[in-house]
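Just need the whole structure built from these sequences, with the hints factored in.
2 protein chains.
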Amino acid sequence: MRLAGCVVIIDGMKDMLGRGNVISADEALRLLLKGLPEKLPDKIRIPIEHALGMICAEEISSSEDLPHFARSTVDGYAVMAEDTFGASEAMPAYMTLSNEIFMGEKPEIVLSRGRVCKIPTGGMLPAGADSVVMLEYVQNVDETMIEVLRPVVPGENVIQPGEDVRKEEIVIPVGRKIRPQDIGACAGIGITELTVYKRLRASIISSGDEIVPAGALPVMGQVRDINSYVLAAMLSETGAVPLRKGIFRDDYRVLLAAIESSLDDSDLIILSGGTSVGTKDMIAKIIDDIGDPGILFHGVSLKPGKPVIGGIMGKVPVFGLPGHPAAVSVCFDVFIRPVVARLSGLRERFGGHPVNVIKARLAKNVSSSQGREEHIRVIIEEREDGLWAIPVLGKSGLIATLVKADGTFIIPLHINGVEAGEVVEVRLF
Amino acid sequence: MRLAGCVVIIDGMKDMLGRGNVISADEALRLLLKGLPEKLPDKIRIPIEHALGMICAEEISSSEDLPHFARSTVDGYAVMAEDTFGASEAMPAYMTLSNEIFMGEKPEIVLSRGRVCKIPTGGMLPAGADSVVMLEYVQNVDETMIEVLRPVVPGENVIQPGEDVRKEEIVIPVGRKIRPQDIGACAGIGITELTVYKRLRASIISSGDEIVPAGALPVMGQVRDINSYVLAAMLSETGAVPLRKGIFRDDYRVLLAAIESSLDDSDLIILSGGTSVGTKDMIAKIIDDIGDPGILFHGVSLKPGKPVIGGIMGKVPVFGLPGHPAAVSVCFDVFIRPVVARLSGLRERFGGHPVNVIKARLAKNVSSSQGREEHIRVIIEEREDGLWAIPVLGKSGLIATLVKADGTFIIPLHINGVEAGEVVEVRLF
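Taken in sequence, the protein lines are chains A and B. In terms of full-length UniProt numbering, the first sequence opens at residue 1 and continues consecutively. In terms of full-length UniProt numbering, the second sequence opens at residue 1 and continues consecutively.
Source of the hints: derived by calculation from the structure; they are not laboratory data. Please note that a few of the clues may not be correct.
Copies of the same chain look alike in the list, so a pair counts if it works inside one copy or between any two.
Unchecked claim - Here are the simulated BS3-like cross-link-like pairs (lysine-lysine), alpha carbons at most 27 Å apart as the crow flies:
no. : residue 1 : residue 2
1   : LYS39     : LYS303
2   : LYS43     : LYS106
3   : LYS39     : LYS359
4   : LYS34     : LYS285
5   : LYS106    : LYS364
6   : LYS43     : LYS303
7   : LYS118    : LYS285
8   : LYS167    : LYS395
9   : LYS395    : LYS364
10  : LYS34     : LYS106
11  : LYS303    : LYS118
12  : LYS106    : LYS395
13  : LYS245    : LYS285
On a predicted model such as this, the values are computed, not experimentally measured, just so you know.
Here is the structure:
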């Protein structure tokens, strides 16, 4: 597929295929998301203890009321509220003590009028009682009698049957990323296994005739593989399983074979490396040759990350990332993270509002070209007057700038720059 | 140890041990952190692929320059910058083409004046060249000659040896929580294994005669264990390993034995359950009987979470948490999370500034008692005019309120409440 609907043309520069324009990051992401298959991941059943961070694939509802009996929320005395009406310190209500109630036991007695039972927090109310007077508002007269100093209303200090979770109430919706309290709620209603979506599998195919493995000793002209490690860890953070397929030569047939074999075991393919125009063009050609629809965009008005390639091959999205580590990180945040979220079955909360963000004042002016979304790496420094964001200088080809930085802020497409002192939203790594 | 330095006395209410006052959450945390052992966790050596989120236990520095040769950052022509001085579209510099440079190979030639080599992004500069002219600013005259249309300065479009990481430069400090780019940097300098701190082990001891396992069918008066699941998952989120020790009877000797046996295998002990005064007092007594120093605080001006107990037994901090799920969650955030961070060897960034926070306008008035730090659970709703925080009503004993909520905001100790429309910072779950 050749690109339709290019939106932002920047300063007359040609894209890498010489098509004369590149599109905005928003438009590129829109094309990608529109082209993704509707298919959800396979499901798997797991114990709730292992469900943290997984995406729920079934609607969880309760087969019973929680709690299934009326419980006291305080330490005190179970009463019929009516017996306490009008009670005050000046005019206490005198009540007769019945048997104490013990935790975890069903009270044997039926409370008759004018009588109370001592009850612990969490204890079951006896029949005949509808409320609990807190210990603080009771005085002991003798071993069989107490004074109630304040009235209670019916239901006071009591959790009613089904008040926490009603029978058949939906507790966890499909698409929720499971949090600790979700696991707790399952335990509470007796659900010890959950059906979740399987983790996505993402292949990372490194290419570049200059790339050697991290454990190798590079000779002159060679460098060690950095990006496949960064990508694998970023994928792990999203909950996906990274499959590092290895380092391949920049050769049409070699890379075609690597990509085709990954189509079988991957929900997503990321090509890393290929920094030069010739290699980029070859990767674009491979994606378009596999097709259906093939390339969706090649070149985006994004810095760093401009030469990024995005496409879909059948049901599998594919990315050709620039070789610079900073560009890899930005392209991951802008394109791969939302694609992984969509494919994983996650139903997004807060309209995808970015989290893990802190505000800081920019320590120096940063300029940006209009017509380009720019991601600026910053160090966060805590000074006496609050947090400051200090731009990290250095080329995007350096991994060290990413290591020094604490996060990035974005200068949007149509903004020229940000002045020192302005507050920016820094998305932390 | 009996409590010294109580700071905030709230409305004449006695704490659970009848000592007549409770302390602020800040003061309670300060006592805990002050009493923690200086000891760091044991170390372990792991492959960098497994290091994501672990705390680095060694200072990582580079034994070599990265890159170890001058590399081009663009596709273009390697030149001696001086040869391009004064070049313009009107008056191009004519240069003679030498051999092309290939990726991953050391160029054989030494570039002489007036000559250029075609070089790909990432390619190694030949001897004699000090800069690279971008492809865009060159026109081919014939097979042996090009026109350079713009001058470059020495070093332009080149990454110098050691520019990314200098030999002996510190790349990762001790105490850093390893991020994807940190792993990438290690790979880049040939480090494939890291020494990290072992994960902390935290015992969760559930007590309560009414508590049955999640898989059991509770009879009248009994409820299923919720809190040990919530706590285990929250611990996992912090990077600690939860050890769910099981459900024990509310009996001095039983709980003493459970705690003592956990002192051997745990960096941290959490007692969950024991909602009633009698049980709380018993747990406090056990902690104080084990001692050294024993109880640090019992009762904090915090809602929910007031009856929380904190102490230290030798080198092991111990928490007695209230039984209500919402209180468990709040006490975890306020006390356990910072203690885990400190014990794990993490060096905190941004002065512990909370992250994962979004701002939203409060949808209705919320009142709070002065002299009590209150944590309000809210649902985040996206409306046309932005994000709104809707307080979740319901008793803190309900797990469902935690499941419905997206996060909490805090009404500090000395504030009476927050009015509808005010912006609050919501810490997301």
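Against the structure, the hints:
With identical chains, the CA atoms of LYS39 and LYS303 are never at most 27 Å apart, being 32 Å at best within one copy and 45 Å at best between copies. With identical chains, the CA atoms of LYS43 and LYS106 are never at most 27 Å apart, being 41 Å at best within one copy and 51 Å at best between copies. For the identical chains of this complex, LYS39 and LYS359 are neighbours neither inside a copy (38 Å) nor across copies (34 Å), given an alpha-carbon limit of 27 Å. For the homomeric pair LYS34 and LYS285, the shortest alpha-carbon distance inside one copy (22 Å) is at most 27 Å, but the shortest distance between copies (62 Å) is not.
In this assembly of identical chains, LYS106 and LYS364 lie within 27 Å of each other by CA distance neither inside one copy nor across copies; the values are 69 Å within and 40 Å between. Proximity of LYS43 to LYS303 under the C-alpha cut-off of 27 Å is found in neither arrangement, the shortest distances being 38 Å within a copy and 40 Å between copies. Only between protomers do LYS118 and LYS285 lie at most 27 Å apart by alpha-carbon distance; the minimum there is 23 Å, versus 79 Å within a single protomer. In this assembly of identical chains, the alpha carbons of LYS167 and LYS395 lie at most 27 Å apart only when taken from different copies (19 Å versus 59 Å within one copy).
Taking CA atoms no more than 27 Å apart as the test, LYS395 paired with LYS364 passes inside one copy only; the shortest distance there is 18 Å, against 49 Å between copies. Taking the closest pair of Cα atoms, LYS34 and LYS106 never come within 27 Å of each other, the shortest separation being 58 Å inside a single copy and 45 Å across copies. Taking identical chains as interchangeable, the C-alpha atoms of LYS303 and LYS118 lie at most 27 Å apart only when they sit on different chains, with a minimum of 25 Å there against 69 Å within one chain. Proximity of LYS106 to LYS395 under the C-alpha cut-off of 27 Å is restricted to the inter-copy arrangement: shortest distance 23 Å between copies versus 71 Å within a copy.
Proximity of LYS245 and LYS285 under a CA criterion of 27 Å is satisfied intra-copy only: 20 Å inside one chain copy versus 58 Å between copies.
Violation of the numbered hints given earlier is confined to hints 1, 2, 3, 5, 6 and 10; the remaining hints are satisfied by the structure.
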